[in-house]
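All chains, please: the whole structure from these sequences, using the hints.
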Amino acid sequence: MFRMNILSPKIHLKDVRKAFGDKQVLNGIDLDIAPAESVVIIGGSGTGKSVLIKCILGILTADSGTIEVDGTNVTHTPAAQREAVNKKFGMLFQGAALFDSLPVWENVAFGLMQGEHMNRTEAKHRALETLARVGLAPTVGELSPSELSGGMQKRVALARAIAGNPEIVFFDEPTTGLDPIMADVINDLIIACVKDKGITALSITHDMHSARKIGDRIAMIYEGRLIWVGNAKDVDNAGNPYVDQFVHGRAEGPIKMQLRR
Amino acid sequence: MNFLALIGRVVLGFLLHLGRLTIFAGAAVSHCVRPPLYPRLIGRQMIDIGYYSLPVVGLTAIFSGMVLALQSYTGFARFSAESAVANVVVLSMTRELGPVLAGLMVAGRIGASMAAEIGTMRVTEQIDALTTLSTNPFKYLVVPRLLAGFFMLPLLVLVADIIGVFGGYLVGVYKLGFNPGVYINLTVDFLEPLDVISGLVKASVFGFIIALMGCYNGYFSKGGAQGVGAATTNAVVSASILILITNYIITELFFAI
Ligand SMILES: Nc1ncnc2c1ncn2[C@@H]1O[C@H](COP(=O)(O)OP(=O)(O)OP(=O)(O)O)[C@@H](O)[C@H]1O
Ligand SMILES: [Mg+2]
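Chains as they are written, first to last, in numbering that gives the first Met the number 0: chain E, 0 to 260; chain A, 0 to 256.
Misleading hints may appear alongside valid ones.
[Said to hold, decoys possible] Listed below are the simulated DSBU-like cross-link pairs for lysine-lysine, each with C-alpha atoms no more than 30 Å apart in a straight line: (1) E/LYS255 - E/LYS212; (2) E/LYS87 - A/LYS221; (3) E/LYS22 - A/LYS221; (4) E/LYS232 - E/LYS13; (5) E/LYS212 - E/LYS232; (6) E/LYS212 - E/LYS86; (7) A/LYS221 - E/LYS86; (8) E/LYS86 - E/LYS123; (9) E/LYS196 - E/LYS13.
Honestly, the hints are just simulated from the structure, not real lab data.
Shown next, in the form of structure tokens:
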């Protein structure tokens, strides 16, 4: 089920664990992601999806286990000390995390100017191009992030994540807060990135339509483990009661919400 | 038993902070001397610290100089030593009040805003975003502020010294009836280079402390708006206390025989 036959995975996770205090959030995550593959992680709120991505990025350090990117073990290397690996990454944060001291276009061009030392004119040109791909007009580029709506901020963050032509992108809820039409534009954009440019993608979403559309494979996280990993088209008849309950959004089932009535 | 546990916890917490601060300061300073630096950002911070603090520091300085002249005059008049007024004003300003008052005012103005800005960037994950965009947050956020604090505060204090002495001159000449030429002579005759230099050295140290405490508290803030608020308070309070302590230490180093 976990498709162990990927020869040289882009990302290799083995028994990754992370706890905050006595709260075990990740409890042995195993996952291999092939080059140019798009994997979507689904799972309830607060189950550790964002934490998993942050461990891969080095923003958080896993307690134990192995995280390899392109065969390089980065498990215990904090983000600040792995610039070579970071250059391969593009990340869309769940809360956008735009730099509010910079105008929108400089946000998008940030990686180009700082990481790749591109000059400002060229970087601005590239930034406006990328903004157009997420459906934002050049005039938006001059605004400050605080002047944008939530959905626009999300799209700027998406543009920032892909502007530097990363090899691996992480999208933390890319379509949350967008209207259905724009959400589908973003889905297509993500597919275009992965299919046309051969980028490897790891996305998190609660939007099952989006998950089916952008994912080659879908993984479901529950109680700190990936309880189901399979092809995206199999998710509707996974034969796993947890997945069934999640996909169909039923309150009744094996997954108990921590509610008190 | 409980009481001992409490003391232990406080001491451990303090040591934890001290250790973390030391590591933070070491990392920050080591980044100051390794390229790449960001001249644009350094420039922006220098303007913010040096230029935009001028009004508040200038106002503090002029009134301090004025009140010094007034107080020392009434004091010295009791044993007919009025002529010492100019001397008292210039020595107090350059050695103590210039650097300390400027330091405290800038701690309130700049230290707070540094902690708030960096703290907000921390809790909104902007600092994490920096690292994923291959930018070292120390180089991008901390180094420009430390350098700007270190180099701009002496300039600010030099201006404060001049304004403060001028304040004393105003009161001396227009209120206490000193002859302008005599007052200026009294000011200049007793002033030694070391008086000014010691004040400028203090200013550099204070500038570094203000920026360090602002950046440190902001960098490690957590827990949303409340956390940022606490970071801001801590930055100002700890910078102010450290300024007063180091002020004594530096004075001792310079002038104790
Ligand atoms: N920095 C942190 N300190 C302490 N606990 C944390 C921290 N970050 C996350 N957690 C905890 O880890 C758990 C998982 O958080 P995470 O953000 O990964 O959830 P998620 O699966 O992304 O949920 P959502 O879908 O709502 O975004 C949560 O219970 C959260 O309380
Ligand atoms: Mg999340």
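### Task
Against the earlier hints, flag every one the structure doesn't satisfy and list their numbers going up.
As far as the earlier hints go, not one is violated by this structure.
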